[in-house]
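Asks: Build the full structure now, drawing on both the sequences and the hints.
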Amino acid sequence: MAKVQITETVLRDAHQSLIATRMKTEQMLPIIEKLDKVGYFSLECWGGATFDASLRFLDEDPWERLRIIRKGVKNTKLQMLLRGQNLLGYKHYADDVVEYFVQKSIANGIDIIRIFDALNDIRNIETAIKACKKEKGHAQAAVSYTISPVHDLEHFVKTAKDLVDLGADSICIKDMAGLLLPYPAYDLVKALKENVNIPIQLHTHYTSGVASMTYLKAIEAGVDIVDCAISPMAMGTSQPPTEPLVASLKGTEYDTGFDLKLLSEIADYYKPLKEEFIKQKLLDVKVMGVDVNTLKYQVPGGMLSNLVSQLKQSNQSDKFEDVLNEVPKVRADFGYPPLVTPTSQIVGTQAVLNVISGERYKMVPKESKALVKGEYGKTPAPISKEIQ
6 MAKVQITETV
16 LRDAHQSLIA
26 TRMKTEQMLP
36 IIEKLDKVGY
46 FSLECWGGAT
56 FDASLRFLDE
66 DPWERLRIIR
76 KGVKNTKLQM
86 LLRGQNLLGY
96 KHYADDVVEY
106 FVQKSIANGI
116 DIIRIFDALN
126 DIRNIETAIK
136 ACKKEKGHAQ
146 AAVSYTISPV
156 HDLEHFVKTA
166 KDLVDLGADS
176 ICIKDMAGLL
186 LPYPAYDLVK
196 ALKENVNIPI
206 QLHTHYTSGV
216 ASMTYLKAIE
226 AGVDIVDCAI
236 SPMAMGTSQP
246 PTEPLVASLK
256 GTEYDTGFDL
266 KLLSEIADYY
276 KPLKEEFIKQ
286 KLLDVKVMGV
296 DVNTLKYQVP
306 GGMLSNLVSQ
316 LKQSNQSDKF
326 EDVLNEVPKV
336 RADFGYPPLV
346 TPTSQIVGTQ
356 AVLNVISGER
366 YKMVPKESKA
376 LVKGEYGKTP
386 APISKEIQ
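Take the sequence shown: its letter number 370 is residue 375 in my numbering, and every next letter is one higher.
No lab work stands behind these hints: they were computed from the structure.
Treat each hint with caution, since some may be false.
Stated by the list, open to error - Lysine to any residue pairs mimicking SDA-like chemistry, simulated, CA-CA at most 25 Å apart:
#	residue 1	residue 2
1	Lys371	Phe325
2	Lys8	Lys198
3	Lys286	Asn298
Said to hold, decoys possible - Distance ranges between label pairs, derived from CB positions:
#	residue 1	residue 2	range
4	Ala375	Gly256	50 to 60 Å
5	Ser310	Lys138	31 to 41 Å
6	Gly379	Lys79	43 to 53 Å
7	Val369	Lys317	16 to 26 Å
8	Pro35	Asp157	39 to 49 Å
9	Pro277	Gln393	53 to 63 Å
Remember, predicted model here, so these are calculated numbers, not experimental data.
Ideal Cβ placement from N, Cα and C applies to all residues, glycine included.
Replies: Here is the structure:
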């Protein structure tokens, strides 16, 4: 067994999950030299919501951020998250747009592109994989993890094998909701390692409180890489903390070889920043805790906060429990899509409307209609006949 490698998410998913992607480039630059010395498999620093947030809220050029980080990071691969045919947006783009965006991402400094589709419809991933390979980038294809009657080991293994056939360089198990429990993680990683011969990476969130245990079982099953965040920006709706995992594996066959003193210095940089985020009300301490509703309702942490916000806006906060009970029903009606952007927003909004209007599907947004019509791709299970 080779040592376990780690992708550090503090420059992208950690702050996207905790402070709605509001970390500025100037807050990243003082620490990137030390991050570059750790020996990470990669630094995730771009993609996801960073593009949107940079333009909409921070008055920054996302391309310039990427170029500046690339200039400062000499030894570590830079990684981004791409929503397949949706790129970094919320709708499908034409193939030539996808190809050009991928080409420009790699030209500006990205080494690894993690490509996912909310429905696990590999047709929505194919163009991006081919474009990435053409530009000599590392195409990491993601399998969106969720729990439903149709999402069994066989489904995930078949999806992974299909992605390998498309040319994926590695596979990521993308557990966006923190639903993957330790023993199912062991079984899933073991099954993937037995069926595909490329590296397997695991991405999860601490929302449900099980993520570090999940990582240990996945490591025992042979996972190659895991996603972590430096401790001040870890846990809650973010990733498991880097330092405890490094310490836990020290002296074992999985030893990362990382310097805990260096990691401690990096953590010291982020501690006052975290306090600043709390003072600015960017970081709500509630998102730092464990939310068992995630396991109960299979709803990602970010989606929970969106539901709260939507109900507040309509002065119906007392209907929260009703909406949580409605979410799995809508999801079943819509063919059990994994709850990740954009399907999490579509299912969540429909559940809210079903509850506050007093009648199911009395109000149906255009996005719900588009999902049912197949405009986002093929759903994992057939759409309920009752709503067609």
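Asks: Look at each hint and say if it fits the structure.
Replies: Against the structure, the hints:
1. Lys371 <-> Phe325: holds (23 Å)
2. Lys8 <-> Lys198: holds (16 Å)
3. Lys286 <-> Asn298: Measuring from Cα to Cα gives roughly 23 Å; hence the hint holds.
4. Ala375 <-> Gly256: 50 to 60 Å: holds (53 Å)
5. Ser310 <-> Lys138: 31 to 41 Å: holds (37 Å)
6. Gly379 <-> Lys79: 43 to 53 Å: holds (46 Å)
7. Val369 <-> Lys317: 16 to 26 Å: holds (22 Å)
8. Pro35 <-> Asp157: 39 to 49 Å: holds (46 Å)
9. Pro277 <-> Gln393: 53 to 63 Å: Holds, since Pro277 and Gln393 (Cβ atoms, about 54 Å apart) stay within the stated range.
In this structure, none of the earlier numbered hints is contradicted; all agree with it.
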